[in-house]
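Each chain sits in its own coordinate frame; assemble them with the hints.
Chains as they are written, first to last, in the numbering used here: chain A, 48 to 182; chain B, 5 to 382.
Don't read these hints as lab results, they were simulated from the structure.
Keep in mind the model is a prediction, meaning the values are calculated, not measured.
You may find that some hints are simply not true.
[To be verified] Some chain B residues well away from chain A (every beta-carbon gap over 12 Å; in silico):
| hint | residue |
| --- | --- |
| 1 | M29 |
| 2 | S101 |
| 3 | F121 |
| 4 | V171 |
| 5 | E187 |
| 6 | R268 |
| 7 | E272 |
| 8 | G279 |
| 9 | C308 |
| 10 | G320 |
[Claimed, not checked] In silico EDC-like pairs for lysine to aspartate or glutamate, Cα to Cα no more than 20 Å straight-line:
| hint | chain 1 | residue 1 | chain 2 | residue 2 |
| --- | --- | --- | --- | --- |
| 11 | A | K71 | A | D168 |
| 12 | B | K208 | A | E124 |
| 13 | B | K208 | B | D175 |
| 14 | A | K158 | B | E158 |
| 15 | A | K158 | B | E259 |
| 16 | B | K208 | A | E121 |
| 17 | A | K158 | B | D260 |
| 18 | B | K318 | B | D194 |
| 19 | B | K8 | B | D231 |
C-beta: ideal position from N, C-alpha, C; glycine also.
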Amino acid sequence: MTTVRPPISDFDDAFFWEGINSHKLLIQQCGDCSVLRHPPTPICANCGSMNNQASESEGNGTILTWIISQHPTEPDEEPRIVILVQLDEGTRIVSNLIDVAPTHDQVLNDKRVEVCFVDYDGTILPQFRLAEVQS
Amino acid sequence: MSGKRAVIAGIGHTEFSQNSGRSTMQLAAEASLASIRDAGFSPSEVDGTVTFSMDTNDELALIRSLGVPMLRFCARTRGGGGGASATVQLAAAAVESGQADAVLVYRAFNERSGHRFGQPVQANPDPVWNWASPFSLNTPAKVYSLTFQRYMYEFGLTNEDFGRYTVVARDWASTNPNAQFFERPITLQDHQDSRWIVEPILRKLDCCLESDGGVALLITTAERAADHGSDAVPILGSSAIQLEGGHEMFAYYHEDLCEYPEGRILGEQLYRQAGITAADIDVAMIYENFSPIVFLQLEAFGFCGRGEASEFIKDGHIGRGGSLPTNTNGGLLGEGYIHGMNNIVEGVRQLRGTASNQISGAEHVLVSAGRSGIILGR
Chain A
48 MTTVRPPISD
58 FDDAFFWEGI
68 NSHKLLIQQC
78 GDCSVLRHPP
88 TPICANCGSM
98 NNQASESEGN
108 GTILTWIISQ
118 HPTEPDEEPR
128 IVILVQLDEG
138 TRIVSNLIDV
148 APTHDQVLND
158 KRVEVCFVDY
168 DGTILPQFRL
178 AEVQS
Chain B
5 MSGKRAVIAG
15 IGHTEFSQNS
25 GRSTMQLAAE
35 ASLASIRDAG
45 FSPSEVDGTV
55 TFSMDTNDEL
65 ALIRSLGVPM
75 LRFCARTRGG
85 GGGASATVQL
95 AAAAVESGQA
105 DAVLVYRAFN
115 ERSGHRFGQP
125 VQANPDPVWN
135 WASPFSLNTP
145 AKVYSLTFQR
155 YMYEFGLTNE
165 DFGRYTVVAR
175 DWASTNPNAQ
185 FFERPITLQD
195 HQDSRWIVEP
205 ILRKLDCCLE
215 SDGGVALLIT
225 TAERAADHGS
235 DAVPILGSSA
245 IQLEGGHEMF
255 AYYHEDLCEY
265 PEGRILGEQL
275 YRQAGITAAD
285 IDVAMIYENF
295 SPIVFLQLEA
305 FGFCGRGEAS
315 EFIKDGHIGR
325 GGSLPTNTNG
335 GLLGEGYIHG
345 MNNIVEGVRQ
355 LRGTASNQIS
365 GAEHVLVSAG
375 RSGIILGR
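So that you can see chain B by itself, here it is in the shape it has in the complex (with noise of 0.2 Å):
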């Protein structure tokens, strides 16, 4: 491997809650400061920053609290958490061409106990509401709940079928300290037994655990980070994908609403870039603000065919012993909803060998943040 390729030298975050009792600033500095001394960096060598266009931490602040004393590089991604993977991509980019030498990615807010994304929009936040609030349609529980409906009437599914992988995060999760959902796995009928928010397709167990905190990730070139003794692990290929009519949450206007297309071209990426294929991924971490997008992906990145999700959960792909261990940290639904974030840790933690529910010999792990994706491996 080439010296000059990127790598996620650090990882840190704070704790996953309902209620952080203390500003985002301060989330999004404790997890920086973390992931800088995790990777063996000092503050001062961070030249470079990048987190969500929608992240309220400004980076001048937030450096301000670091003692970073300058930034030759900031970016930040589109969209919300569909750009969670795009932030690697970013600062790879960047310490690839040399832009900077280390780039702190950070993702800090409190989404519980300040502005929860989950309740319906009050006044549209830009024009592509007009197509929607009008019509009710002003929640992301209803909004992605109008292309899951597509999909579960062309396959024949019902929400019991995404029960099933609520089970399985739940019991990832179950025996992950980090998690919120620590030691209190589920059945299949306590999914069931949840009270609808979108009857007949969402229960509240299929959404995400909207949650306070921060992740925050230092990356930099391999040969920097053995320079630092860094426990690093080498980012494989990392794209972002955003194609003419598509949006991530009005997935409306592409021919079949039964498939993910971005995702889809994002896999193609990935596997050419990392030279492998959707076999030799050993743990995969997806994004999933809701159950049901999880099986949009396992079709669109190629582990099994369309309409077939279903039935690979059902056959236990995805749960302990499975043949593609999936959200292995419990994932939003169970672990807690740092925007995508935290599924990036546990990427690097199940190539660090360091994992609550380590894979033994993990060596190709895909962190898909639906539209954007990395693919990490030893």
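Bound conformation, chain A alone (with noise of 0.2 Å):
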């Protein structure tokens, strides 16, 4: 049983898992001059906007590295792994890989995943697997 640690989301990132419980992942994105950007912020660095809008992801991206998460003298807690995705929009988000043997011997860097969303005991996390389509 993975335990998860549900975000604390404030002002600034609650659309974002208001998104998630909706399952879409949402990106922030600047009603006047389009920028995505991600952790959110609460004005455009870009042009100084406050008008902040969201774009659905289409949720496909490539793992850029990734741990497996265990805990060294806690054997009871459950591996996971953790990746560092580089969305085709152009954002990077941290999230997990799942369906995939938490083990070391294999290579995940540059794999092609695509998102899907888990309800971990009432938190909804955004999660990716592997795609299908390898390219």
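Right, dumping it as structure tokens:
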């Protein structure tokens, strides 16, 4: 059983977690200059606009780097693969890779992944699976 | 050298241990008093302080223990250990501008017997953790490993490569009586026998030595130090670099995950200020919470090329008799983790000629905390 520490959303990232609860991966987007940004910020650093919108990601990306998260002295904790994903839209996000055995004798760098949403005892998180097509 | 130039006039520290048995305020006060006396100053002459934003020892509580009657400059550095050398930058700016005459820099904690930084975060300390802890990225070892993995993948490194750094650090520590690992050198096999923290990236012996202790510096101008007969070491350069999108822990959003951009820019700033190049550095003190961060910094500061740090270390450059003796006190893995401040003390000692592992003729020392740094020189 994976125990998840829920996010503590605040004004600036509430839209993101609301999107996740509706199974949408949202990327903050400036309503004026259209620049995407993640993690969210209250003001667009590109144009100074506070017209903050969100754009739904297609959820496709590439693993830049990854580790297996497992407490070194508490073997009961469920190991999870942590990944840093480069989304095709251009922003990056930390997440987990699921449906892949958490072993270190594999190369996951540069693998294509696609988003899915998993409910961990009431906390819904964006997660990723390996894409069927690896190109 | 101008008499207005900032110098480190005094150094002080407690013992470095796993259980100090006393308050962090006492550690701060002991180290502070030692640094003031080492400089030949009286506490009544101190009129400024700098510490870390994370430090729990309040300035006003501290000066009640020291006999400092008044402060006219108090500053704190952002972030964690990455700000270690920025304390010196702030103090130097204060004395060179005339905002203060003598600035006490201090950092003290019970980071082993009290709150341990290496443990999993219990509540998100700030919103940036929303992008990490729900996904099990909840300890410094894991957070940093996520960047180290790409570096290993890109350059074909294994944990043994990182172990070669630790072996050198423990060798230096073995002949430094202040080091917690004094007289305890290790072999690469010992390193490889230590347990995994984040397999296959970090073993236990790749991690800094969580420690209790305090360190302090007394910073003033060259002419004031001369008036007091201090054995003062000039600060030839000091800078701290923060980049939009950067972060000391979550360094996930800059283009090239295999480089340390803040360190690269920092190096350029420091060399320009000091009027020297990487080749002129005689001793490097490089902040290491985890061994791989040394590799990224050796490359960022131009001591070797991109991806070449493992060969640089394998070739013996950073050890005894090497071209760039590095972390000659044993570093934060070998001497103790006082948030990087003990590396500044070692830099001063190397230039005074009083280090346990003295490098003869050392004229320029780089003390890097990754994103903040100083060059000390004679």
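Consistency of the hints with the structure:
The Cβ of M29 of chain B sits about 31 Å from the closest Cβ of chain A, beyond the 12 Å cut-off, so the non-interface label holds. Every C-beta of chain A lies more than 12 Å from that of S101 of chain B, the closest at about 30 Å, which supports listing it as non-interface. With a closest Cβ-Cβ approach of about 16 Å to chain A, F121 of chain B is found to remain outside the 12 Å limit, as its non-interface label requires. Consistency note on V171 of chain B: stated as away from chain A, and its beta-carbon is indeed over 12 Å from all of that chain's, at 21 Å minimum.
Taking the minimum C-beta to C-beta distance to chain A, about 27 Å, the non-interface status of E187 of chain B holds against the 12 Å cut. Every C-beta of chain A lies more than 12 Å from that of R268 of chain B, the closest at about 20 Å, which supports listing it as non-interface. A cut-off of 12 Å between C-beta atoms confirms that E272 of chain B is not in contact with chain A; the least separation is 24 Å. With a minimum CB-CB distance of about 35 Å to chain A, G279 of chain B clears the 12 Å threshold, and the non-interface call stands.
Consistency note on C308 of chain B: stated as away from chain A, and its beta-carbon is indeed over 12 Å from all of that chain's, at 22 Å minimum. For G320 of chain B, the shortest C-beta to C-beta distance to chain A comes to about 30 Å, beyond the 12 Å cut-off, and the non-interface label holds. Only pairs whose Cα atoms come within 20 Å are accepted, and K71 of chain A paired with D168 of chain A is accepted, the gap being roughly 19 Å. Of the pairs offered as hints, the one joining K208 of chain B and E124 of chain A holds, with about 19 Å between alpha carbons and a cut-off of 20 Å not exceeded.
Our distance criterion of 20 Å between C-alpha atoms is met by K208 of chain B and D175 of chain B, whose separation comes to about 17 Å. For a cut-off of 20 Å, the pair hint linking K158 of chain A to E158 of chain B stands: about 14 Å separates their Cα positions. As the CA atoms of K158 of chain A and E259 of chain B are separated by approximately 18 Å, the hinted pair is consistent with the 20 Å bound. Distance check on the hinted pair: K208 of chain B and E121 of chain A sit about 15 Å apart at the alpha-carbon level, within 20 Å; holds.
A distance of roughly 18 Å separates the Cα atoms of K158 of chain A and D260 of chain B; the hinted pair therefore holds under the 20 Å criterion. Taking the CA atoms of K318 of chain B and D194 of chain B, the gap is about 17 Å. The hint holds against a cut of 20 Å. For the proposed pair K8 of chain B and D231 of chain B, the alpha carbon gap of about 13 Å is at most 20 Å, so the pair holds.
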